[in-house]
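Engineer: Each chain, written out:
Protein chains: 2
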Amino acid sequence: MNVNELRFAKRFDGITGSAIREIFKLLARPGMISFAGGNPSEAALPDEEMAWIAADVLKKDGKRILQYGATEGYPPFLEALKAYVGPHFGIDMEKNGVLPTTGSTQGMQLLLSALIDPGDVILVEDPTFLGNMQSMRLYQAKLVPVKSDDEGMDTDDLERKIREYHPRMIYTIPTFQNPTGCTLGLERRKKIAALAEEYGVVVAEDDPYHDLRYTGQELPTIKSFDKAGWVVFLGSFSKVISPGLRVGFLAAEPGILRKCVIAKQGSDLHTGLLNQAMCAEYIRRGLLEPHIRSILKGYADQMNTMLDELAHMKTVASFTRPEGGLFIFASLDEGLNATKLLPKAVERCVAYVPGTHFYPEGGHENTFRLNFSKSTSEEIRRGMRLLEETFSRA
Amino acid sequence: MNVNELRFAKRFDGITGSAIREIFKLLARPGMISFAGGNPSEAALPDEEMAWIAADVLKKDGKRILQYGATEGYPPFLEALKAYVGPHFGIDMEKNGVLPTTGSTQGMQLLLSALIDPGDVILVEDPTFLGNMQSMRLYQAKLVPVKSDDEGMDTDDLERKIREYHPRMIYTIPTFQNPTGCTLGLERRKKIAALAEEYGVVVAEDDPYHDLRYTGQELPTIKSFDKAGWVVFLGSFSKVISPGLRVGFLAAEPGILRKCVIAKQGSDLHTGLLNQAMCAEYIRRGLLEPHIRSILKGYADQMNTMLDELAHMKTVASFTRPEGGLFIFASLDEGLNATKLLPKAVERCVAYVPGTHFYPEGGHENTFRLNFSKSTSEEIRRGMRLLEETFSRA
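Chains as they are written, first to last, in the working numbering: chain A, 4 to 397; chain B, 4 to 397.
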């Protein structure tokens with residue numbers, strides 16, 4: 004039989020990989036100004052320190068680091084995590100455990116594996132993160148958008164939809180959301196924790212941008228209001244140390260955590276021990292907090308430059324004003340189509356992601372997402388003017 | 004609602020985690036001689052070289068290594084892999100691609116994700132690898148054992164079962180199988196490749212022990228006989244460089260590979276770039292082949308010591324005589340129960356894995372798996388005598 008006749012699993016029905024993948028391949032072109040990714044800036048990647056740390060941990064504990072480890076985590080990292088995560092995110096470490104994950108991408112997958120049968124409903128922000136929507140669809144979940152605004156999910160609409168759809172999960176990125184950059188308000192955070200307990204729905208609180216705040220007041224996590232164990236916190240070191248190391252974690256009550264451990268046994272057995280050891284040592288040496296402080300100033304300048312440029316663009320109808328994170332979300336004048344304009348922008352050597360891909364039900368063709376962390380202020384000014392040229396000639 | 008009332012996904016029905024987990028926790032006890040794991044020996048873990056290599060690759064390419072990478076792989080590793088995998092495993096790299104995976108554990112998961120809907124049949128050796136059986140069950144596959152002997156899967160029984168069950172996958176560990184240590188014969192390898200094409204069934208060829216041959220002649224992979232693209236080869240650097248790094252790969256024709264890439268986007272986005280870079284550099288410096296040669300002699304001695312001891316054990320009715328790998332599989336006299344005897348063995352500070360856990364349909368309570376790579380010859384002699392004491396007093 005010809006292998007082209009092979010039938011794949013039903014979970015791939017309707018999943019073709021990203022529509023914008025072909026265009027993204029052009030982004031490696033020299034001179035391209037890309038606002039399309041979600042990459043940290045080069046300056047934010049501590050390569051020199053990590054070269055020393057990698058050698059040091061391998062010299063000190065190499066035989067254990069290169070050997071098989073426990074799915075539950077490399078002990079020095081677990082210790083560092085528990086000491087860090089509890090106070091930093093307001094998580095009660097008496098009632099919750101942590102599990103190192105291979106990026107928070109894996110944390111999401113483990114949770115989907117633990118909870119989702121085909122057809123189960125997940126309530127999500129509208130718009131929400133593209134990558135995790137694809138993960139949810141691979142678990143054959145039905146995604147139902149909850150009305151969202153500048154303060155995140157509308158909790159009245161959320162409660163209505165909990166009653167109507169009996170969801171298995173509520174997925175939220177509460178802080179400097181991807182793609183909008185918006186932050187869930189304090190009262191809504193409390194309300195979501197309360198609704199989770201009242202209706203018995205797991206909340207996946209995906210909070211990778213938490214520490215990238217440039218202005219305003221830090222808000223407590225949803226998890227910090229969780230008394231009953233219905234909130235699972237997904238954390239990541241991708242935005243504050245390095246995405247290439249693929250180290251994240253999941254904090255949850257013991258029953259859910261145990262299912263995630265079993266799912267992880269079949270996923271990658273354990274997260275690389277060197278990766279865990281390097282993050283542990285980076286934290287243990289007290290490098291994390293000063294490193295975060297050192298990157299905030301640059302990111303804030305880049306964001307403000309981009310916001311200034313947006314304010315002067317005649318084709319831009321509106322845009323979000325985030326207090327942190329990596330993204331700004333903008334709308335073009337009605338009738339302009341960000342997907343159709345993308346190839347023209349790329350021709351001019353500037354790129355973004357069309358907003359429609361972040362909407363569970365599509366539409367919103369005039370929206371687009373901009374990332375400001377990967378480009379210098381100079382590149383941002385130049386890139387935004389190229390965008391204005393592109394849009395105004397449409 | 005109390006979180007104890009949370010209903011998990013159906014894929015966890017009947018999956019309770021390993022029955023022997025509680026006993027395994029005792030294995031960290033000082034003085035324990037463990038034949039239970041599948042760990043490389045400490046001497047086989049190149050910690051000193053890796054400390055240098057980690058620092059070198061981070062100094063040379065640290066900004067790229069710490070940044071996000073492509074799901075398809077870190078370019079220098081892909082290059083090294085293609086050059087290595089093609090000639091080493093007899094894989095046609097014109098017709099096949101490779102994908103770095105976070106251990107071959109993940110390779111298996113990606114393939115299950117690509118192919119298996121609940122209720123689909125996977126034909127497996129009898130016995131077969133515990134860990135991947137659990138992965139298959141988490142994908143709600145139905146596991147059907149194929150009659151197996153000292154030369155692996157009986158291909159007549161395999162063909163009968165293909166006709167009867169219309170499986171979506173055939174899973175085999177052809178070389179120094181886990182748990183038996185047995186190797187699939189040459190004619191059977193050819194036959195499996197032919198059956199896969201004839202009936203349109205994907206073969207997952209899981210070959211992590213391939214290079215650990217102590218005696219006899221190397222056999223070509225099943226994949227080397229695959230003209231039509233039905234065989235997927237799962238490789239790993241866990242047994243020849245380091246399991247803690249979690250680096251494996253998958254070689255497959257483009258259509259299957261593409262689905263695995265999409266599944267990997269939602270699994271961990273990409274394998275750690277430092278992990279890929281270190282393996283690439285280890286290969287590039289020509290360290291891999293001499294390293295493998297350097298560990299074979301010790302492993303061969305350890306295996307032969309264990310085989311000698313087994314030959315003198317009155318309670319052991321039979322055992323396999325592998326030509327390589329990490330495991331020997333043995334049977335006690337009828338009536339002796341290896342699961343019931345395990346706590347008594349652990350009391351005497353020696354451990355193994357009861358064989359019943361490797362049989363898809365259970366039973367075979369008198370069998371057990373022994374690992375010889377993690378213990379010195381001296382420990383093996385002592386441990387085997389403790390086992391004989393345990394078994395003979397039962």
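Just so you know, not all the hints are guaranteed correct.
Same chains, same names: a pair is fine if it fits in one copy or spans any two.
[As the list claims (entries may be wrong)] In silico DSS-like links for lysine-lysine, alpha-carbon gap of 25 Å or less:
1) Lys13 - Lys145
2) Lys13 - Lys28
3) Lys63 - Lys145
4) Lys194 - Lys28
5) Lys66 - Lys300
6) Lys85 - Lys28
7) Lys343 - Lys28
8) Lys194 - Lys343
9) Lys66 - Lys194
10) Lys317 - Lys66
11) Lys98 - Lys230
Simulated from the structure, these hints should not be mistaken for lab results.
Engineer: Hints first: check each against the structure and report whether it holds.
Structural biologist: These are the hints, each one checked on the structure:
For a Cα distance limit of 25 Å, the shortest separation of Lys13 from Lys145 qualifies both inside one copy, at 14 Å, and across copies, at 16 Å. Taking CA atoms no more than 25 Å apart as the test, Lys13 paired with Lys28 passes in neither setting, with 28 Å inside one copy and 39 Å between copies. For the homomeric pair Lys63 and Lys145, neither the shortest alpha-carbon distance inside one copy (48 Å) nor that between copies (45 Å) is at most 25 Å. In this assembly of identical chains, the alpha carbons of Lys194 and Lys28 never lie at most 25 Å apart, being 42 Å within a copy and 41 Å across copies at closest.
In this assembly of identical chains, the alpha carbons of Lys66 and Lys300 lie at most 25 Å apart only when taken from different copies (20 Å versus 40 Å within one copy). In this homomeric assembly, Lys85 and Lys28 come within 25 Å of each other (Cα to Cα) only across copies, at 21 Å, whereas the closest approach inside a single copy is 40 Å. In this assembly of identical chains, the alpha carbons of Lys343 and Lys28 lie at most 25 Å apart only when taken from the same copy (17 Å versus 58 Å across copies). Proximity of Lys194 to Lys343 under the C-alpha cut-off of 25 Å is found in neither arrangement, the shortest distances being 40 Å within a copy and 52 Å between copies.
When the C-alpha separation of Lys66 and Lys194 is checked against a cutoff of 25 Å, the pair qualifies neither within a copy, at 48 Å, nor between copies, at 41 Å. In the homo-oligomer, the alpha carbons of Lys317 and Lys66 never lie at most 25 Å apart, since the shortest distance is 61 Å inside one protomer and 37 Å across protomers. When the C-alpha separation of Lys98 and Lys230 is checked against a cutoff of 25 Å, the pair qualifies only within one copy, where the shortest distance is 9 Å, while the shortest distance between copies is 55 Å.
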